[in-house]
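All chains, please: the whole structure from these sequences, using the hints.
Each chain, letter by letter, is given below.
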Amino acid sequence: DIQMTQSPSSLSASVGDRVTITCRASRNIRSDLNWFQQRPGEAPKVLIYTTSNLESGVPSRFSGSGSGTDFTLTISSLQPEDFSTYFCQQSHLTPLTFGQGTKVEMK
Amino acid sequence: EVHLVESGGGLVQPGGSLRLSCAASGFTFSNFWMHWVRQVPGKGLVWVSRINSDGIATTYADSVKGRFIISRDNVKRTLYLQMNNLRAEDTAVYFCASPRGFSGYTIDYWGQGTLVTVSS
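Just so you know, the sequences run in chain order L and Y. Per this note's numbering, numbering of the first sequence is gapless, rising by one per residue and ending at 107. Per this note's numbering, numbering of the second sequence is gapless, rising by one per residue and ending at 120.
Fair warning: there could be bad hints in the mix.
[To be verified] With a cut-off of at most 30 Å between alpha-carbon atoms, the simulated DSBU-like pairs for lysine-lysine come out as follows:
1) L:Lys-107 <-> L:Lys-45
2) L:Lys-45 <-> Y:Lys-76
3) L:Lys-45 <-> Y:Lys-43
4) L:Lys-45 <-> Y:Lys-65
5) L:Lys-103 <-> L:Lys-45
6) L:Lys-103 <-> Y:Lys-43
7) Y:Lys-43 <-> L:Lys-107
8) Y:Lys-76 <-> Y:Lys-65
9) Y:Lys-65 <-> Y:Lys-43
In case anyone wonders, no lab produced these hints; they're calculated from the structure.
And the structure:
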């Protein structure tokens, strides 16, 4: 199975901060990497697909980059609605696997 | 707009069975792979199973292989998960999910989930 390791597992930040979350795959997954946001009690919502493609309706402050094994989700200027949990997911092979999540909390 | 609504969750004893359903709308259901993903509340996401557009090809996580069966009814636009011989560790919120394209590996849109609790 492809292991997805996210870091950090949590972070504290303020409105306006630039936030970076990383995701490392245990093997080369090309660009088959997606990012989701999940608020408490809600279903995950896709933010970025295939490494760097912004889902329709998602603010442009979200961006993704990387390839192979190392990927990054960046929020350029954190907004109050962004305090949430973020997951990466590889769509390269089954079993599809997810990172353990990064909880973004208010400082 | 893609709309997925799960149902069928509840409390079941260890060793029991439960069938989950996922009603789909807003897209041509019969053209797309579909997935089940589960999440222990407060924990991470775990992929469970997938089924191709015509229901012929299925794949399972090792943890559920031989106990769970995924199926679909394209006329009713409904996805199913038959869960047998349930264990305490199957307790989770179960989400159905669909891709934006025709790949069997991508997950983009999610339902709200249905909670399954396995306990005596």
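Do the hints match the structure? See the list:
Using a Cα cut-off of 30 Å, the hinted pair Lys-107 of chain L and Lys-45 of chain L holds, with the two alpha carbons roughly 24 Å apart. The straight-line distance between the Cα atoms of Lys-45 of chain L and Lys-76 of chain Y is roughly 25 Å, inside the 30 Å bound, and the hint therefore holds. With a C-alpha separation of about 16 Å, the suggested pairing of Lys-45 of chain L with Lys-43 of chain Y holds against the 30 Å cut-off. Only pairs whose Cα atoms come within 30 Å are accepted, and Lys-45 of chain L paired with Lys-65 of chain Y is accepted, the gap being roughly 27 Å.
The suggested pairing of Lys-103 of chain L with Lys-45 of chain L holds, with an alpha-carbon distance near 15 Å, which does not exceed 30 Å. Taken as a hint, the Lys-103 of chain L and Lys-43 of chain Y pair is honoured in the structure, with Cα atoms around 11 Å apart against an allowance of 30 Å. The hinted pair formed by Lys-43 of chain Y and Lys-107 of chain L meets the criterion: a straight-line CA distance of about 22 Å does not exceed 30 Å. For the suggested pair Lys-76 of chain Y and Lys-65 of chain Y, the alpha carbons sit about 26 Å apart, so the restraint of at most 30 Å is met.
Pair hint Lys-65 of chain Y plus Lys-43 of chain Y holds up; C-alpha atoms about 22 Å apart against a cutoff of 30 Å.
Comparing the model with each earlier hint shows no violations; every hint is respected.
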